[in-house]
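A.B. asks: For reference, the chains in residue letters:
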Amino acid sequence: MKKLLSLAFLVIMAGGIASAQPRSAAVQNTLIRNATVLTVSHGTLTNTDVLIRNGKIAGIGKGLKAPEGARLIDATGKFVLPGIVDAHSHTMMDGGVNECTRSVTSMARVQDILNPTAIGIYRELAGGTTSALLLHGSCNSIGGLSSTVKLKWGHTAADFPFPGAMPGIKFALGENPKRTNQNNPGVPARYPATRMGVEETIRDAFARARDYKRDWDDYRAAIARGEKNVAPPRRDLELDPLVEVLEGKRYVHSHCYRADEILMLIGVADDFGFKIRTFQHVLEGYKVATEIARHGAGASTFADFWGYKMEAYDAIPYNSAIMVRHGIVVSVNSDSDETARRLNIEAAKMIRFGGLTEEEALKLVTLNPAIQLGIDRRVGTIDLDKDADLAIWSAHPLSVYAHVEQTFIDGELLFDRQADLARRPQLEAERKTLEAADANKPPAQGGGPPRAPSAIRRANAHEDDNQEREDNQR
Amino acid sequence: MKTIERKAAALLAVLVLVPLVQNARAQDTDRTDSQMTNTPAPTYVIRNARIVTVTGADIENGTIVISGGRITAIGATASVPAGATEIDARGLTVYPGMIDVGTNMGLVEVGQGAPGTVDLQELGEMNPNIAAVWSINPHSSHIAVTRVDGVTSVLSMPAGGIISGQAAFINLAGSSPREMAVVPEAALVIQFPRIGGGGGGGGFFQAQQAVTPEAITQRDRRLENIRHMLRDAEAYGRAQDAYRKDPKSVLRPMTDLKLAALVPYARGERPVIFRAERERDIRGAIRLAEEMKLKPIIIGASEGWKMAAFLKEHNVPVILDGVLNLPLREDDAYDSLFENAAKLQAAGVRFCISAGDSGAQVRDLPYHAGMAAAFGLSKTEALKSVTLYPAQIMGVGDSMGSIEQGKIANLVIADGDILEARTNIRYLFINGRQIPLVSRHTMLNDQFKDRK
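As you go down the protein sequences, you meet chains Z and D in turn.
Read in order, the letters of the first sequence are residues 175 to 648 in the working numbering.
Read in order, the letters of the second sequence are residues 277 to 728 in the working numbering.
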């Protein structure tokens with residue numbers, strides 16, 4: 175019955191929001207004319223055309239010819255920026271961010287809970303964001319497996335995973351995995367409760383993974399030698415991903431705040447011979463930038479969010495610039511469906527705090543996160559043959575006065591401000607009709623029990639930390 | 277002064293100041309030097325500046341004189357008193373300091389995991405006699421962090437229960453709350469009772485529960501409690517007046533601190549700020565205020581755009597502190613809160629913009645206004661929404677919020693548009709004193725940026 179209801183809900187959603195943008199099978203080619211193109215890889219090109227053909231960037235130059243049937247966009251006075259890549263997101267993961275019951279939950283997978291109708295996707299497209307790293311929450315030392323997605327609004331969940339992106343896993347250090355701020359009545363305490371215990375949990379998991387890997391290596395060697403009577407080791411879904419980490423086939427994205435815990439994880443990784451791909455949040459990264467750079471890890475941080483808990487009290491907005499100057503690949507992320515709509519401004523702040531150049535600031539939300547996720551051959555800059563994931567902005571995207579006019583993914587126009595504005599009267603009328611329907615009448619007038627509207631999420635409300643609180647409130 | 281002399285003076289200043297700065301760093305990151313308040317405010321002249329006065333036309337190459345904490349002269353030319361410290365603002369722009377009237381500045385240091393630093397929500401539902409001005413921590417690190425980004429004054433509000441208490445309007449410099457206060461008891465804060473809402477606000481979430489008869493009854497009971505208390509306060513005020521006039525024959529009323537605190541608000545002499553987001557609650561708050569003859573201000577007003585005509589008709593100002601919040605409903609337009617300000621402005625509603633943060637992120641105020649400007653508000657109006665308008669709404673528009681002769685010298689000198697994130701703040705004046713551009717963040721930056 176429950177299944178039937180959710181199916182009905184999906185059908186309604188698909189009929190309502192998603193169908194608002196009908197699409198054909200073949201993606202129309204597009205010629206953007208006379209724009210200021212912020213390539214990120216090779217400077218700013220003025221009065222330049224960008225040709226999108228078969229979902230790829232097929233031309234960048236002056237006076238390009240439009241293929242037959244192409245959409246023509248006059249972008250005079252406007253700016254083209256590569257699609258923004260958000261290296262820390264929980265969009266589309268409605269209520270399923272944290273599997274908190276154990277300290278190691280590497281068997282849990284984000285890819286299993288993608289909700290392609292989550293409205294956050296559309297709002298983020300309207301802010302020029304086109305790709306995101308969807309991470310498990312931070313309540314355990316080793317969390318679940320992440321998904322890198324393109325925000326292909328209107329498509330089914332199967333179309334969202336970024337083709338060929340390196341798989342990832344979430345780790346977490348500090349207050350969240352040691353459950354500092356989670357004294358919930360009725361919820362039993364869970365190991366670890368200290369940063370020492372977090373270190374031990376990760377070390378223990380990798381010790382088990384290393385043994386498990388040896389068992390499999392021995393087994394495969396025996397088979398290769400032609401031995402007959404050998405039994406395979408038992409599959410372990412918890413340890414399989416950790417073996418992939420040991421083999422360099424899966425990226426580690428680790429939530430962290432304090433300098434000591436950053437050094438701790440580098441130490442554990444060194445002991446087992448694996449690499450941390452990105453330190454996430456990494457608010458005290460500026461204190462140990464040398465060590466992070468030496469390890470070869472990237473850093474994905476908040477622009478200027480600080481002080482909301484003890485381990486964020488030494489956070490400073492100069493963090494990004496200091497880490498950039500130490501040679502670290504740095505990105506600025508949202509960790510929030512709200513902030514993911516305006517990462518351009520988060521990048522712009524980094525010019526004030528630490529004196530990054532405009533191009534360095536733009537890289538924080540385009541090329542650098544793409545590098546961190548292993549998708550920079552496909553997205554992150556405006557270059558020939560890259561995926562046509564880009565947005566047209568009304569003004570320079572580092573200006574607070576800029577908004578997005580259009581956003582494309584794989585050449586497909588997925589957000590169009592003018593179309594959105596034009597659709598509003600129709601949606602308003604549809605809403606009035608629905609409100610008058612029987613099912614939506616108040617109980618006093620014969621209607622059923624109403625569904626509670628969603629919570630108001632304040633600016634800067636962070637998913638990692640607040641999802642649990644929200645869950646607990648329910 | 278000749279160039280060489282000026283260089284020598286600068287060198288001397290460096291020699292004297294460097295040990296002072298290092299000393300300050302060693303001791304404390306955010307304390308204001310007592311010299312700043314124990315001595316008369318000095319005289320400054322800012323020359324060659326582009327001046328954005330906000331109330332009048334911009335002055336392209338002008339002079340501002342600051343003396344005794346006030347702006348004493350402004351214009352293309354101005355006579356400069358002897359002994360004034362000179363600031364060459366060539367290529368720079370002078371703005372009035374920005375003002376955020378939706379904060380809890382100084383009442384929260386670390387919101388999570390350090391309850392000892394949180395003084396935001398008192399227990400009990402009716403606390404008109406608690407006042408932020410007694411508890412604002414003047415040494416909170418949020419204060420310096422906020423002001424070095426150009427926000428020079430804030431309203432700091434308590435947030436608990438239903439009648440939360442009284443907010444203080446403060447300048448962001450000083451070594452005691454009273455010294456910082458422009459208006460110590462500036463407004464009463466009421467979390468307007470919502471259906472299904474709890475007695476408390478200020479949190480991340482305002483989940484709205486189902487509209488059950490019980491929830492409606494509870495809301496109505498809370499409203500009735502507010503009415504009751506306001507009527508009592510009004511009567512208490514009259515009784516006190518009568519006794520004062522004729523202490524011999526009128527019975528002396530027993531002291532009631534809660535009612536005494538409420539009297540000026542019940543009489544409509546001081547503003548009452550109602551937290552209300554949805555259309556129904558905004559209407560309810562305004563009707564209650566009119567019934568009780570209060571002087572209302574709405575904070576929140578996420579659905580203000582739906583009822584701009586009503587707000588205009590009732591002439592109630594609003595503090596928009598949710599420009600960057602997510603839309604209330606899933607099917608609201610993606611930009612419904614971005615364009616809220618433009619819609620209210622077009623309808624002639626008095627409004628201002630707040631960052632909607634307790635303290636740490638109040639420095640983001642200009643970007644909230646900037647987003648409103650990206651969605652329909654003019655740049656001029658966006659600037660007013662964080663300078664002049666908040667001052668006017670709080671009743672201090674005659675002494676701050678713009679650059680005019682006689683106003684308090686809260687000035688920010690920047691190398692560009694003050695609402696742009698790329699802009700750098702170069703000089704800062706609060707109460708006519710130059711404030712060093714130093715905060716917990718600049719100090720940690722200095723400490724670690726060159727670590728190998």
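Because the hints were derived from the structure by calculation, they are not lab data.
Note that CB positions come from ideal geometry on N, CA and C, so glycine has one too.
Don't take every hint at face value.
BS3-like mimics (lysine-lysine), calculated; alpha carbons at most 30 Å apart, straight line [as the list claims (entries may be wrong)]:
1) 252/Z - 239/Z
2) 252/Z - 655/D
3) 606/Z - 582/D
4) 655/D - 615/Z
5) 423/Z - 449/Z
One side of the interface only, derived from the structure: several residues of chain D facing chain Z at Cβ under 10 Å [claimed, not checked]:
6) 385
7) 388
8) 614
9) 651
10) 668
11) 671
12) 674
A.B. asks: Next, verify each hint and record whether it holds.
C.D. replies: Now the hints, each set against the structure:
1. 252/Z - 239/Z: holds, 20 Å
2. 252/Z - 655/D: Holds, at about 18 Å.
3. 606/Z - 582/D: With a Cα-Cα distance of about 14 Å, the restraint between residue 606/Z and residue 582/D holds, given a limit of 30 Å.
4. 655/D - 615/Z: violated, 43 Å
5. 423/Z - 449/Z: It holds: about 11 Å lies between the C-alpha atoms, which stays within 30 Å.
6. 385: Constraint on residue 385/D satisfied, holds at 7 Å.
7. 388: holds, 4 Å
8. 614: holds, 8 Å
9. 651: holds, 6 Å
10. 668: Where the cut-off is 10 Å and the nearest Cβ of chain Z is about 23 Å from residue 668/D, the hint is violated.
11. 671: violated, 27 Å
12. 674: violated, 29 Å
Hints 4, 10, 11 and 12, counting from the list given before, are not met by this structure.
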